[in-house]
Amino acid sequence: MAVSFSNFCCLRRLLISSTSCSRAYLSGFKSNLSLDKLYPTSRLDITTIPKAPESKDGKFSGYIPMDRIQVNYVRSGGPGGQNVNCVSTKTEVRFHLASADWIPEPIRVKLAERVKNQISKEGYFIVKSERTRSQQLNLADTLDKLRNLIHSVAQSLVVPEVSEETLERQRRLRERAARERLKEKRAHSMTKQGRQSPTLDS
Amino acid sequence: MAGVGNRVLAGTDRALDLLRELPRLSLSNIRSNPKAFKRNKRGRGQHGGKKHGAGNKGSGQRQNFMRLGYETGNNPFYLRVPKEPYYKGHHIRREYPPISLMQLQTLIDTGRLDTSKPIDLTALCNTKLFQLSPFENQYGFQLTDEGLDNFKGRINIEVQYAPEQVIAAIEKNGGVITTAFYDAPSLIAMRDPMKFFASGTPIPKRQMPPENAVEYYTDPKNRGYLADPDLVALERFKLAQKYGYELPDLKKDPELLPMMLERKDPRQIFFGLNPGWLVNLKDKKIFEPEDEQLLEYYRS
Numbered sequence: 001m002a003v004s005f006s007n008f009c010c011l012r013r014l015l016i017s018s019t020s021c022s023r024a025y026l027s028g029f030k031s032n033l034s035l036d037k038l039y040p041t042s043r044l045d046i047t048t049i050p051k052a053p054e055s056k057d058g059k060f061s062g063y064i065p066m067d068r069i070q071v072n073y074v075r076s077g078g079p080g081g082q083n084v085n086c087v088s089t090k091t092e093v094r095f096h097l098a099s100a101d102w103i104p105e106p107i108r109v110k111l112a113e114r115v116k117n118q119i120s121k122e123g124y125f126i127v128k129s130e131r132t133r134s135q136q137l138n139l140a141d142t143l144d145k146l147r148n149l150i151h152s153v154a155q156s157l158v159v160p161e162v163s164e165e166t167l168e169r170q171r172r173l174r175e176r177a178a179r180e181r182l183k184e185k186r187a188h189s190m191t192k193q194g195r196q197s198p199t200l201d202s
Numbered sequence: 001m002a003g004v005g006n007r008v009l010a011g012t013d014r015a016l017d018l019l020r021e022l023p024r025l026s027l028s029n030i031r032s033n034p035k036a037f038k039r040n041k042r043g044r045g046q047h048g049g050k051k052h053g054a055g056n057k058g059s060g061q062r063q064n065f066m067r068l069g070y071e072t073g074n075n076p077f078y079l080r081v082p083k084e085p086y087y088k089g090h091h092i093r094r095e096y097p098p099i100s101l102m103q104l105q106t107l108i109d110t111g112r113l114d115t116s117k118p119i120d121l122t123a124l125c126n127t128k129l130f131q132l133s134p135f136e137n138q139y140g141f142q143l144t145d146e147g148l149d150n151f152k153g154r155i156n157i158e159v160q161y162a163p164e165q166v167i168a169a170i171e172k173n174g175g176v177i178t179t180a181f182y183d184a185p186s187l188i189a190m191r192d193p194m195k196f197f198a199s200g201t202p203i204p205k206r207q208m209p210p211e212n213a214v215e216y217y218t219d220p221k222n223r224g225y226l227a228d229p230d231l232v233a234l235e236r237f238k239l240a241q242k243y244g245y246e247l248p249d250l251k252k253d254p255e256l257l258p259m260m261l262e263r264k265d266p267r268q269i270f271f272g273l274n275p276g277w278l279v280n281l282k283d284k285k286i287f288e289p290e291d292e293q294l295l296e297y298y299r300s
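Read top to bottom, the protein sequences are chains G and H.
Just so we're aligned, residue 1 is where the first sequence starts under full-length UniProt numbering, counting upward by one.
Just so we're aligned, residue 1 is where the second sequence starts under full-length UniProt numbering, counting upward by one.
Keep in mind the hints are simulated off the structure, nothing from the lab.
Since the structure is predicted, the reported quantities are computational estimates derived from the model, not experimental observations.
All C-beta atoms, glycine included, are put in the ideal place defined by N, C-alpha and C.
Where hints are given, some of them may not hold.
Unchecked claim - Negatives, chain G to chain H, calculated, CB over 12 Å: (1) SER42; (2) ASP67; (3) PRO104; (4) GLN196.
As the list claims (entries may be wrong) - The list that follows gives simulated cross-link-like pairs (lysine-lysine, DSS-like), each with its CA atoms no further than 27 Å apart: (5) LYS30(G) / LYS57(H); (6) LYS242(H) / LYS145(G); (7) LYS90(G) / LYS238(H); (8) LYS56(G) / LYS238(H); (9) LYS145(G) / LYS50(H); (10) LYS251(H) / LYS37(G); (11) LYS37(G) / LYS221(H); (12) LYS251(H) / LYS30(G); (13) LYS128(G) / LYS242(H); (14) LYS242(H) / LYS116(G); (15) LYS252(H) / LYS51(G); (16) LYS128(G) / LYS50(H); (17) LYS50(H) / LYS38(H); (18) LYS242(H) / LYS51(G); (19) LYS252(H) / LYS238(H); (20) LYS117(H) / LYS252(H); (21) LYS152(H) / LYS251(H); (22) LYS59(G) / LYS242(H).
Extracted from the complex, chain H is given alone in its bound form (with noise of 0.2 Å):
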């Protein structure tokens, strides 16, 4: 081995260097030769498979004596027909029917929908020109695109949705948008305020979103009114870097200010009304309680 020495050592010095720093050997990183045995393709029972004990034909392999829905070896019943989950979950998903921004400016110029005031759920329902049906798992409304360009109107604007291009559009000529989310209950005192009032119900509390709608209500990117308004700020700046268009400062129109940041807090339905009062539109009137209770209940 004299010629060879060096070259032999080295591969040895590697060879227990690299001994040192390996694991030890165990069951967990050892594996043996591919085929060197066969893995048993029908797992279900195991080693008492196949034909489970029950033998061949007659009436001790056909008379049910194996798992319910077996059949004997065909096609069961209960695999025959496939899955098909496309509609899976339907029932819970939440809808948001459209309103675009081409029907907004057109209510806007025909007078429609006032723009001195703040525009919420209440207010797109009582133009009597769109329907909302919570029994149908509707949420509210959501603002679409259509008509992006020519959008000119300066609202202060609440729905349930609306894509970043759609809150571009809003702010880039000096509005205020905001996403909210209304509960069920909400939503049926909100689409009709006068039936509402008129069956003597209070006002009831506005819910906090289900768990998968809180991240997108809490996101200044979705302008979501749990928000911070600091964030929601920033991100009014980088959306007008994004879309380019120099944002207007909303504090050079100070007699439009106070209705362009007007809003309701989280747990409010109606401007100006609070949870737990009640209005009798007949006498006009409306009661409030003076319980502490029912005080803290409607503030928790």
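This is chain G alone, in the form it adopts within the complex (with noise of 0.2 Å):
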């Protein structure tokens, strides 16, 4: 093995000075399984922040704005010693409904309906939860659940586009349920006055 000689105090680790630069990590040793032959149509780069999807056309695209919401951590109820008293692991999360023009209008409208008890005297809407132990995955559970309301509400509006053939098919099949009803009955009414002793006229 030919052998060449570099100074170990010359040797420093490669670092960007490049301010503009976000792919610092390609400097240094490349081999052949480096992300960019990997992934050659790739910009490599896990600073971009995504633009926030909008909810348009009365559709909720499920991003909820954190500077819009206020999150407060309270003490949980229940057993658990020390821990429950000290510990702020109960996470509220809540917002004024009217003024949320994050949520589409008509959703907004339908929500406030659906939670009307839970809407506080100043508009606030408090969504709650204490599942878990920690604070974190409690305002994870608390955002699903919001989230999830959300959706069921938008589903709630959705009307789905019913086909000619198959109103006429329902339009049929009630009136044929409706036949079939009334010729029970008539077959029962006929069966309780045969049950009736004979008259003089019939």
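These two chains come separately, so use the hints to put the complex back together.
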């Protein structure tokens, strides 16, 4: 093996000093399995923050802006000794429902109707969770609850497009059911009449 | 058949229509009535079964003319002890000794871990607080979520496994976490670099993860070291939404950015040292190969 000497003191970790570069880890050693060879079309940048999906056309995108809601941590209830008495693990998420424009208008209206018992006097909707022992997991659970609630309200607003054939078929089935019911009713009536004693008229 | 003519015809029409659609009758779509024939319960040996042509008692039946292990009817030795597969494959299973976030925070607070440099397995072993024995199937460290709520360190850390909430806790504080795989020889080098350099062996190249681990390390959700960084960026955003925090912009701190983004190549073991290099601590020199074949080997 042919050798060459490198002075240890001169060997430094290769750090990119350029401030605009977000691909610092491409410096240094690069094998045939380095990320730029595995993903040649990628920009290899973990720092990009994608744009938040917008809730438009009355559809909720699922994005909850954290600066528009207030998060409170309070002590949870139930048994648990010192831990439950001292650690604030119950998470409350509250926001003013009427002014929450990150929820589309029709969904907001229907949501206000559905949770009217959980809205405070000032109009703040509160979602709580004390499911786990951890604040962070409880916060995740609270946001999950909120998202699921908004999605279910959105689903209930969606009117499914029904084809003419389906409507026609439903109408025919309804009429047939009514006919069958009346036929049964008449037959039952005849049975009951037949149990009565005959009169001189019949 | 006058009065009921229409109904009978309708029935026949329907039957004929059905017949046109149904597949052809064959042995594969008919079956006998239940209990039409009796199934032989003892399948072993079929028509040569029961006494297997050995007759009754005596030397003929008892002198082991039958299959190996058969004990003339009583429960044979090889079937007496049941299988208890609770520990099946335990010798092949990879272990990851845990380090909790609480411990990590304590190390940062007491100055035992330098947050101005990336933290990898070597840094954790250098604290001398955690032992790793690759000979006992230990493949690195995993981060546990004890102390999740109180974690405040801003670090660039590389471990072998971390659950979702731990990844969220680290990224929430503006840090970067990566999960990477190291094979056993690499681990032996990493856990005591001084001893390894003193042994006079060139730095090996890190092997790829085994088949059942490739999926884990190529998944951006796990921040795998083989995952596409663009997808990792997207997963960072999604996790911030899931756990309810504003994703910190890493580019806001340009002095710390290079350190935060510093990562090893998938074949690299030490930061700043390439595979194939030979480190001489005594003379403070590093030797690197010049032969093209060797260079190609260490690069591949």
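query = Hints broken by the structure, by number, lowest first?
reply = Result: hints 1, 2, 5, 9, 16 break, sorted rising.
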